[in-house]
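Just so you know, the protein sequences line up as chains A and B, in that order.
Remember, our numbering sits 14 above the position in the first sequence when you count from 1.
Remember, our numbering sits 14 above the position in the second sequence when you count from 1.
Watch out, some of these pointers could steer you wrong.
Since the list gives no way to pick one copy over another, a pair counts as held whenever it fits inside one copy or between any two copies.
What the hints assert, rightly or not - Pairs of lysine-lysine, DSS-like flavour, derived with a Cα cap of 30 Å:
hint : residue 1 : residue 2
1    : K206      : K80
2    : K123      : K80
3    : K201      : K134
4    : K134      : K58
To be clear, the hints were calculated from the coordinates, so they are not data collected in a lab.
There are 2 protein chains.
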Amino acid sequence: MERPIGVFDSGVGGLSVLAEMRRLLPREHFIFYGDNANAPYGLKDEGEIVRLTLAAVDILLSTDIKALVLACNTATSAAAPALRARLNIPVIGMEPALKPAQALRHGGKILVMATPATLKLPKFGDLMRLYGEGAVPVPVRGLVERIERGEVSGPETEDLLRETLSPHLREPVDAVVLGCTHYIFAKEAIRKAVGPDARLVDGNLGTARQLARRLEGQMRQEGEGSVTLLTSGDETACLPLMRRLMAVVE
Amino acid sequence: MERPIGVFDSGVGGLSVLAEMRRLLPREHFIFYGDNANAPYGLKDEGEIVRLTLAAVDILLSTDIKALVLACNTATSAAAPALRARLNIPVIGMEPALKPAQALRHGGKILVMATPATLKLPKFGDLMRLYGEGAVPVPVRGLVERIERGEVSGPETEDLLRETLSPHLREPVDAVVLGCTHYIFAKEAIRKAVGPDARLVDGNLGTARQLARRLEGQMRQEGEGSVTLLTSGDETACLPLMRRLMAVVE
Numbered sequence: 015m016e017r018p019i020g021v022f023d024s025g026v027g028g029l030s031v032l033a034e035m036r037r038l039l040p041r042e043h044f045i046f047y048g049d050n051a052n053a054p055y056g057l058k059d060e061g062e063i064v065r066l067t068l069a070a071v072d073i074l075l076s077t078d079i080k081a082l083v084l085a086c087n088t089a090t091s092a093a094a095p096a097l098r099a100r101l102n103i104p105v106i107g108m109e110p111a112l113k114p115a116q117a118l119r120h121g122g123k124i125l126v127m128a129t130p131a132t133l134k135l136p137k138f139g140d141l142m143r144l145y146g147e148g149a150v151p152v153p154v155r156g157l158v159e160r161i162e163r164g165e166v167s168g169p170e171t172e173d174l175l176r177e178t179l180s181p182h183l184r185e186p187v188d189a190v191v192l193g194c195t196h197y198i199f200a201k202e203a204i205r206k207a208v209g210p211d212a213r214l215v216d217g218n219l220g221t222a223r224q225l226a227r228r229l230e231g232q233m234r235q236e237g238e239g240s241v242t243l244l245t246s247g248d249e250t251a252c253l254p255l256m257r258r259l260m261a262v263v264e
Numbered sequence: 015m016e017r018p019i020g021v022f023d024s025g026v027g028g029l030s031v032l033a034e035m036r037r038l039l040p041r042e043h044f045i046f047y048g049d050n051a052n053a054p055y056g057l058k059d060e061g062e063i064v065r066l067t068l069a070a071v072d073i074l075l076s077t078d079i080k081a082l083v084l085a086c087n088t089a090t091s092a093a094a095p096a097l098r099a100r101l102n103i104p105v106i107g108m109e110p111a112l113k114p115a116q117a118l119r120h121g122g123k124i125l126v127m128a129t130p131a132t133l134k135l136p137k138f139g140d141l142m143r144l145y146g147e148g149a150v151p152v153p154v155r156g157l158v159e160r161i162e163r164g165e166v167s168g169p170e171t172e173d174l175l176r177e178t179l180s181p182h183l184r185e186p187v188d189a190v191v192l193g194c195t196h197y198i199f200a201k202e203a204i205r206k207a208v209g210p211d212a213r214l215v216d217g218n219l220g221t222a223r224q225l226a227r228r229l230e231g232q233m234r235q236e237g238e239g240s241v242t243l244l245t246s247g248d249e250t251a252c253l254p255l256m257r258r259l260m261a262v263v264e
């Protein structure tokens, strides 16, 4: 019950999921590990993503966590089945929120922004077959790198988003799925690029709710929660950025 | 806005979905078509299920419906993609509620009760790959036939359920997915067979909510809603049974 909840991301993106989980479970202790030294994962091959994820999760496991949250779409797609087979604690992952986006359709398209690796892994094909009606995958390059440097807005980030998205905006778009936890931090720049009509959809609240349900009966009943930040990167650069981004979404 | 919502099932099972939709959208007009003459679909092959579903949907389309609900898991798995490609109204379907069931896991199994056809169709494989951790498919034979005759409870229905489920109850079961809309009517008998600890999970509320979101801005703003019942079967036998079952879930 007192044991912490481990949260993993390739870098800072998972902090947006952490914020949602803190709102829902304010009494819990969270340990967040960002593999900033190896971010981004989205251009690596599957074997490399699995290897890095398992190594990072080992660090979280050494703190005796009661649940593991893979707060990274790419790592979930590549490594969640292997982790679920190995661990006997709940493993909660991310997935592009295609199903919720379907409910917002009014005859327009759904754009699914994600890393090239997430779009290539088999899990995405399964999701597209189930909930892919009218959905267009949009591989995004360079955005995670910018967010890892804290550049969540500004003209260059906006240019990158306009270039990536504008070819898909000639027909009506009902929803844009943010299929990478990093993208939440760039919501305003994404909003500028897609215009006011499309709804932006992410899986963060769904993941937080799933964690809450899986921990029923195992939650702290009193006291304040806490967050411990760990990084594989340069602490003097990464920790201040992490704290700054946490303040943006909290 | 005044146009009705079409609801289709192979027989009477979809009436359980209709009840949920009526609760959420009380002002709407619903036209329910049960293909009772051809029920059950769950033992037919894919081509036959698609053919029967398209023929039944044609009857609903002739009433100028504004949305189509496939209130049958088997018909959704077989025919939803073809219908979505053809129609330019929202097509809402069913799916075994594997994902919600995952959130109820506490180290036990999930039993997924469904018709043999639902379990064999590719959609179920996609769902299992995405949300199938700890899930055991349980093909159910004979239950839909009993429910089509109104035998939702009683010793014979209970015997059938005990025989079907007891081989899977030797290890702890956290959740039982009712992957066929007919099974909702036999909830009490299923509860008796699985015992008090497992949660019974169905997709009815999820489907009703999805319909509500897809119809945003197109809903009737005042007046009472209504239900019109149509059947391909013998009206003097089917309509009284349908009304009786509706009263059970309303």
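Okay, the hints, checked on the actual structure:
1. K206 <-> K80: Answer is neither: 40 Å inside a copy and 33 Å across each miss the 30 Å cutoff.
2. K123 <-> K80: between (40 Å within a copy, 19 Å between copies)
3. K201 <-> K134: within (24 Å within a copy, 41 Å between copies)
4. K134 <-> K58: within (11 Å within a copy, 35 Å between copies)
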